[in-house]
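S.K.: Respectively, the protein sequence lines represent chains A and B. Using the working numbering, the letters of the first sequence correspond one by one to residues 1040 to 1367. Using the working numbering, the letters of the second sequence correspond one by one to residues 1040 to 1367.
Check each hint, because a few of them may be wrong.
It does not matter which identical chain is meant; a pair holds if it fits inside one copy or across any two.
In the BS3-like style, the derived pairs of lysine-lysine whose C-alpha atoms are separated by at most 25 Å in a straight line are [claimed, not checked]: (1) K1056 with K1340; (2) K1327 with K1182; (3) K1299 with K1131; (4) K1357 with K1048; (5) K1201 with K1151; (6) K1287 with K1299; (7) K1216 with K1357; (8) K1201 with K1218; (9) K1366 with K1340.
Don't read these hints as lab results, they were simulated from the structure.
There are 2 protein chains.
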Amino acid sequence: MGHQIIIPKAGGNQVLKHETILCPANLPDSSVRVLTAFSGINFADIVMRLGFYQDAPPYPFVPGYELSGEVSEVGSSVTSVKVGDKVMAGTKFNGYSSELILPASQVVKIGKLSLEQAAALPVSFLTSYLVFIEEGRVRDGDKILIDCATGALGQLSFSLLKKYDLDIVGLTSSESKKKIIEENGGRAFTHEEFKDSNEKGFNIALNSIGGASIMEHYDRLAPSGKIVCIGASSLFENGNRSIFRALKVVYQMPKFNIIKLMNDCKGVMGLNVLRLFDGTDYLMDLLKKAEEFDLTPHVDKVFDATDVSAAHAYLESKQARGKVLLKW
Amino acid sequence: MGHQIIIPKAGGNQVLKHETILCPANLPDSSVRVLTAFSGINFADIVMRLGFYQDAPPYPFVPGYELSGEVSEVGSSVTSVKVGDKVMAGTKFNGYSSELILPASQVVKIGKLSLEQAAALPVSFLTSYLVFIEEGRVRDGDKILIDCATGALGQLSFSLLKKYDLDIVGLTSSESKKKIIEENGGRAFTHEEFKDSNEKGFNIALNSIGGASIMEHYDRLAPSGKIVCIGASSLFENGNRSIFRALKVVYQMPKFNIIKLMNDCKGVMGLNVLRLFDGTDYLMDLLKKAEEFDLTPHVDKVFDATDVSAAHAYLESKQARGKVLLKW
Chain A
1040 MGHQIIIPKA
1050 GGNQVLKHET
1060 ILCPANLPDS
1070 SVRVLTAFSG
1080 INFADIVMRL
1090 GFYQDAPPYP
1100 FVPGYELSGE
1110 VSEVGSSVTS
1120 VKVGDKVMAG
1130 TKFNGYSSEL
1140 ILPASQVVKI
1150 GKLSLEQAAA
1160 LPVSFLTSYL
1170 VFIEEGRVRD
1180 GDKILIDCAT
1190 GALGQLSFSL
1200 LKKYDLDIVG
1210 LTSSESKKKI
1220 IEENGGRAFT
1230 HEEFKDSNEK
1240 GFNIALNSIG
1250 GASIMEHYDR
1260 LAPSGKIVCI
1270 GASSLFENGN
1280 RSIFRALKVV
1290 YQMPKFNIIK
1300 LMNDCKGVMG
1310 LNVLRLFDGT
1320 DYLMDLLKKA
1330 EEFDLTPHVD
1340 KVFDATDVSA
1350 AHAYLESKQA
1360 RGKVLLKW
Chain B
1040 MGHQIIIPKA
1050 GGNQVLKHET
1060 ILCPANLPDS
1070 SVRVLTAFSG
1080 INFADIVMRL
1090 GFYQDAPPYP
1100 FVPGYELSGE
1110 VSEVGSSVTS
1120 VKVGDKVMAG
1130 TKFNGYSSEL
1140 ILPASQVVKI
1150 GKLSLEQAAA
1160 LPVSFLTSYL
1170 VFIEEGRVRD
1180 GDKILIDCAT
1190 GALGQLSFSL
1200 LKKYDLDIVG
1210 LTSSESKKKI
1220 IEENGGRAFT
1230 HEEFKDSNEK
1240 GFNIALNSIG
1250 GASIMEHYDR
1260 LAPSGKIVCI
1270 GASSLFENGN
1280 RSIFRALKVV
1290 YQMPKFNIIK
1300 LMNDCKGVMG
1310 LNVLRLFDGT
1320 DYLMDLLKKA
1330 EEFDLTPHVD
1340 KVFDATDVSA
1350 AHAYLESKQA
1360 RGKVLLKW
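Given these sequences and hints, build the entire structure.
M.R.: Quick look at the structure:
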């Protein structure tokens, strides 16, 4: 008897609901059964719970894109992992489950990473890699802006980028978290301090806040620089679900006119990692390379899976200093 | 007594007018006097003559961004070139002149290049370098689209990119020009053939046509790919100056919505080299590196400066297979 967490309808974090499941006994030839140790929580889960995410499945559904655990059974044609292997996995939904059947291609055996770190890695690594290596094509000498520098993605990005010679400016929500950025080798500003600063000349700006911040950060790009937009965390603040706030954020998402981009000699790029989870092995092939980068995923807090509402509330508060996990 | 060519008012190529000038006898300390050998003609000159270029100076003015020639006099503080040196120069307007006084910083001594090649290099090199190296950040394995593959910029781009391992698709206006692309190592399509093809998965697309082609080419990008927009040559066709055509092209220039960019995992960038000619040495420092790339600028036709109207007509016909120059 397994457990899973469903979003039965749009709402605050209290709508999240536990239910018991009976996992199918039959395992397809090319699949594996994983007993989940930890599941990662992402901002996208919250946006979906709030009802603001167009790619979400119809309610009720089980959210969750990443997890770690142990392989308990393998299909007859599986050779990449074996029973007892510790693994991390990427999955398009259903990650908030104590037990899953997954195609073997979505499961990666872990090496030096702990199970906690492994559950914290997939989404942050794939996002950071796609933003900085694939879209940004970072190179030595770049000046970089990270607008979510103390969260899981921001800290993983510092880890991914450590082998380059960069000037990284990290933004965070409070004075007290600035030291996290400095310990990672970046220069730290609160969002307010950054607005008042003259920092500009960025070659790559990672924007996760969305709304009006996109144009504010675009204006600070260097010639030939680009802003890579990955979300709109400004959709929610302190756990409030406000349709008025959502409308304002969407309204403030700029449209980029080609003539303006030409005259500014700049660019704007977008990323929705979920859209690349499309039946090809693209993301999983990237994830298989993750440990080559010698990354250190930062886990901030681990909540028991029964406390999922509190876990969501904590991430929504924007106080997290790394990944928030559910423990099964 | 020198000569220059002015655009006295917006119009067809017949408006271009020659006039004699008396160059100032006094030379500022940090300037040089250049006797022009060749001046390069660019699409932007034509767009300005047609009256469609917002950055053009008020009429009448002397167009021209690039030239080659010989230094005939140097200011007292100039050490970078000396009298008799063969040079190329970048200049924001006034390039269609038989004699110019320029800041020494805008003049680059040439090595192996001929004077014809040197007049053909500056704009094509700077544009190609900024598109592929700075904005595109090309790397081995990329699939590249060049929509103006047989013109001066397109051919210079093949020359600049030859040291990378790339799959380059080049577009051209007629069947007969496809062999130019193939000789440069690219795969050739006419614009019509490309529309009917399934070619996609481009990492970098250089778009100079503008209008509706931007979205057509954007749709063929790979995940994490970007289109770099540098102009709107579709503003004119066969020398016709049509305000209706211009309105249609401008109307068809897409606006890019951030949500769409995110869901597509793609980007759009812009470049207007003229805007970077801003009083800093940025462009000229790049131009000084040009010969390191061992480039071969392709000169298609050289017109006597007195035939400037015919030279414009030829470039407007989109039949040019490389640079069009004026000879003084």
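S.K.: Please go over all the hints and tell whether each is borne out by the structure.
M.R.: Do the hints match the structure? See the list:
Within a single copy, K1056 and K1340 get their C-alpha atoms as close as 20 Å, which meets the 25 Å cut-off; across copies the closest is 74 Å, which misses it. Within a single copy, K1327 and K1182 get their C-alpha atoms only as close as 28 Å, which misses the 25 Å cut-off; across copies the closest is 24 Å, which meets it. Taking the shortest Cα distances, K1299 and K1131 sit within 25 Å of each other only across copies (20 Å), while inside one copy they are farther apart (37 Å). Taking CA atoms no more than 25 Å apart as the test, K1357 paired with K1048 passes inside one copy only; the shortest distance there is 23 Å, against 59 Å between copies.
Proximity of K1201 and K1151 under a CA criterion of 25 Å is satisfied intra-copy only: 19 Å inside one chain copy versus 41 Å between copies. Taking CA atoms no more than 25 Å apart as the test, K1287 paired with K1299 passes in both settings, with 23 Å inside one copy and 18 Å between copies. In this assembly of identical chains, the alpha carbons of K1216 and K1357 lie at most 25 Å apart only when taken from the same copy (11 Å versus 58 Å across copies). In this homomeric assembly, K1201 and K1218 come within 25 Å of each other (Cα to Cα) only inside a single copy, at 17 Å, whereas the closest approach across copies is 46 Å.
Taking the shortest Cα distances, K1366 and K1340 sit within 25 Å of each other inside one copy (10 Å), while across copies they are farther apart (72 Å).
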